[in-house]
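S.K.: Sequence:
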Amino acid sequence: MVISASYKTDIPAFYGRWLLKRLDAGYCWVKNPFSERPFFVSLACEDVDGIVFWTKNAWPFMSAAEEVRRKSFPFYFQYTVTGYGEVIERAVVRPSRSVDAIRRIVDQFGSGSVIWRYDPIVLTDSMSFDWHVENFSNLAAALAGYVDEVATKFMVVHSKTRRNLTAAIGRSWFDPDPASKAELLRAIDGVSKSQEMRMTLCSEPETQIDLPKAVCIDAARLNRMGAHIEAPRTLGNRHGCLCIEARDIGDYDTCPQGCAYCYATQQQRLTILRHSQHDPLAESLIPMRCPSQPPNVRQPTLLDCDPRSRIVSSPATGDC
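If you're matching positions, the sequence shown starts at 4 in this note's numbering and goes up one per residue.
If you're looking for bench data, these hints aren't it; they were derived computationally from the structure. Any given hint might turn out to be false.
SDA-like, lysine to any residue: derived pairs with alpha carbons at most 25 angstroms apart [unchecked claim]:
| no. | residue 1 | residue 2 |
| --- | --- | --- |
| 1 | K34 | M291 |
| 2 | K184 | V218 |
| 3 | K34 | D282 |
| 4 | K156 | L214 |
| 5 | K24 | V44 |
| 6 | K156 | R93 |
| 7 | K163 | D180 |
| 8 | K34 | K184 |
| 9 | K216 | E152 |
| 10 | K34 | M4 |
| 11 | K196 | E137 |
| 12 | K24 | F42 |
| 13 | K184 | A223 |
| 14 | K156 | E89 |
Restraint ranges, calculated between C-beta atoms of paired labels, are given here [stated by the list, open to error]:
| no. | residue 1 | residue 2 | range |
| --- | --- | --- | --- |
| 15 | K163 | P215 | 23 to 31 angstroms |
| 16 | K163 | R73 | 33 to 41 angstroms |
| 17 | R201 | A47 | 32 to 40 angstroms |
| 18 | R292 | E209 | 39 to 47 angstroms |
| 19 | S183 | F43 | 44 to 52 angstroms |
| 20 | C244 | L284 | 20 to 28 angstroms |
| 21 | Q111 | E39 | 16 to 24 angstroms |
| 22 | S66 | A94 | 20 to 28 angstroms |
| 23 | R97 | P298 | 30 to 38 angstroms |
| 24 | F42 | G173 | 25 to 33 angstroms |
| 25 | D180 | R73 | 48 to 56 angstroms |
| 26 | R292 | R189 | 35 to 43 angstroms |
Beta carbons are placed, not taken as given, at the ideal position from N, Cα and C, and that holds for glycine.
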């Protein structure tokens, strides 16, 4: 099974110590967002085909990432860099720091270890069509030669997104029509091509533009990083999603970076409270009542070989 860590929160930025402890233990408990009951996720080496990390700040995770590699888990990063500024992204590090982190990751873990996410695209009175083209161009130039793919999509306007974004910047934001979205996508796709990056689109059927679909949890990329996944099951999160089946080990309302457009955050006050309750030694990301013993079950695997024979991008001792 592939582990997603995590599209619900930023584990590399805030919960790296917890992740390493859970990898050592070989399991964690995750809250079902609907029933709120805990469910078991095996993190045993023989059950995990690879890990996809999602982050806006990998600096606190650099040494932990090296430890993950030493344990012989194939992985790559989905790394979001948008440069929207602190009004919309309240506690996100500066774009220059993010660029430096991506370069460091690629230098350390090899080509293919990072997908850049320019996601979501948010349009406001000040962040206009032309602003996005210039902003994207500057970021693409800084990342040229380090990333081969940039994934993007427009902001999905949920009720909580509408509320949080309006609270941050008033009614200066807007959701463009499909034709305007397609025009902007064509413009930044041209920029990405000029920097030898492949731009992929994450579930934007209404734009009707001929761009490759993003596969955020991607067996082919994990295989580049040392996995041996054959014939994986596609089980996307929404219509048009091509991601392979995975288990996400994060939790909602736990990322304190304060992005006003974030679908995973209801209220910043709740997020700060839940983050303060985190115990890096606990079995779950945020405290909840977990069974006293993990179940004696095997997690389905996608591997075609013994995980001990994995080949990663550079030598690893492997202590599975």
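S.K.: Determine for every hint whether it applies to the structure shown.
M.R.: Against the structure, the hints come out as follows:
1. Under the criterion of a C-alpha separation no larger than 25 angstroms, the hint pairing K34 with M291 is consistent with the structure, at around 8 angstroms.
2. Only pairs whose Cα atoms come within 25 angstroms are accepted, and K184 paired with V218 is accepted, the gap being roughly 20 angstroms.
3. Simply put, K34 and D282 have alpha-carbon atoms about 15 angstroms apart, close enough for the 25 angstroms limit, and the pair holds.
4. This hinted pair checks out: K156 and L214 have alpha carbons roughly 11 angstroms apart, not beyond 25 angstroms.
5. For the suggested pair K24 and V44, the alpha carbons sit about 14 angstroms apart, so the restraint of at most 25 angstroms is met.
6. The hinted pair formed by K156 and R93 meets the criterion: a straight-line CA distance of about 21 angstroms does not exceed 25 angstroms.
7. Taken as a hint, the K163 and D180 pair is honoured in the structure, with Cα atoms around 21 angstroms apart against an allowance of 25 angstroms.
8. Of the supplied pair hints, the one linking K34 and K184 is violated, its CA atoms being roughly 36 angstroms apart against a limit of 25 angstroms.
9. Proposed proximity of K216 and E152 is supported: the alpha carbons are some 11 angstroms apart, at most 25 angstroms.
10. Of the supplied pair hints, the one linking K34 and M4 holds, its CA atoms being roughly 18 angstroms apart against a limit of 25 angstroms.
11. Taking the CA atoms of K196 and E137, the gap is near 15 angstroms; set against the 25 angstroms cutoff, the hint holds.
12. Note on K24 and F42: the hinted pairing holds, with a Cα-Cα distance of about 18 angstroms set against a maximum of 25 angstroms.
13. Of the pairs offered as hints, the one joining K184 and A223 is violated, with about 29 angstroms between alpha carbons and a cut-off of 25 angstroms exceeded.
14. With a C-alpha separation of about 21 angstroms, the suggested pair K156 and E89 falls inside the 25 angstroms cut-off, and the hint holds.
15. For the pair K163 and P215, the supplied restraint of 23 to 31 angstroms holds, since their beta-carbon distance comes to about 30 angstroms.
16. Between K163 and R73 the C-beta distance comes to about 39 angstroms, which sits within the given range of 33 to 41 angstroms.
17. In this structure the hint that R201 and A47 lie 32 to 40 angstroms apart at CB holds, the actual value being about 34 angstroms.
18. The hint said 39 to 47 angstroms for the Cβ distance between R292 and E209, and at roughly 42 angstroms that hint holds.
19. Between S183 and F43 the beta carbons are some 46 angstroms apart, a value that agrees with the proposed interval 44 to 52 angstroms.
20. A hinted range of 20 to 28 angstroms for the beta carbons of C244 and L284 is inconsistent with their spacing of about 34 angstroms.
21. Against the hinted window of 16 to 24 angstroms, the Cβ-Cβ separation of Q111 and E39 comes to about 38 angstroms, which falls outside the hint.
22. Taking 20 to 28 angstroms as the suggested C-beta distance range, the pair S66 and A94 conforms, at roughly 22 angstroms.
23. Between R97 and P298 the beta carbon distance is about 44 angstroms. The supplied range of 30 to 38 angstroms is therefore violated.
24. Checked against the given bound of 25 to 33 angstroms, the beta carbons of F42 and G173, roughly 40 angstroms apart, lie outside it.
25. A hinted range of 48 to 56 angstroms holds for the C-beta pair D180 and R73, which are about 50 angstroms apart.
26. Evaluation of the 35 to 43 angstroms hint for R292 and R189 yields a failure: the beta carbon distance comes to about 51 angstroms.
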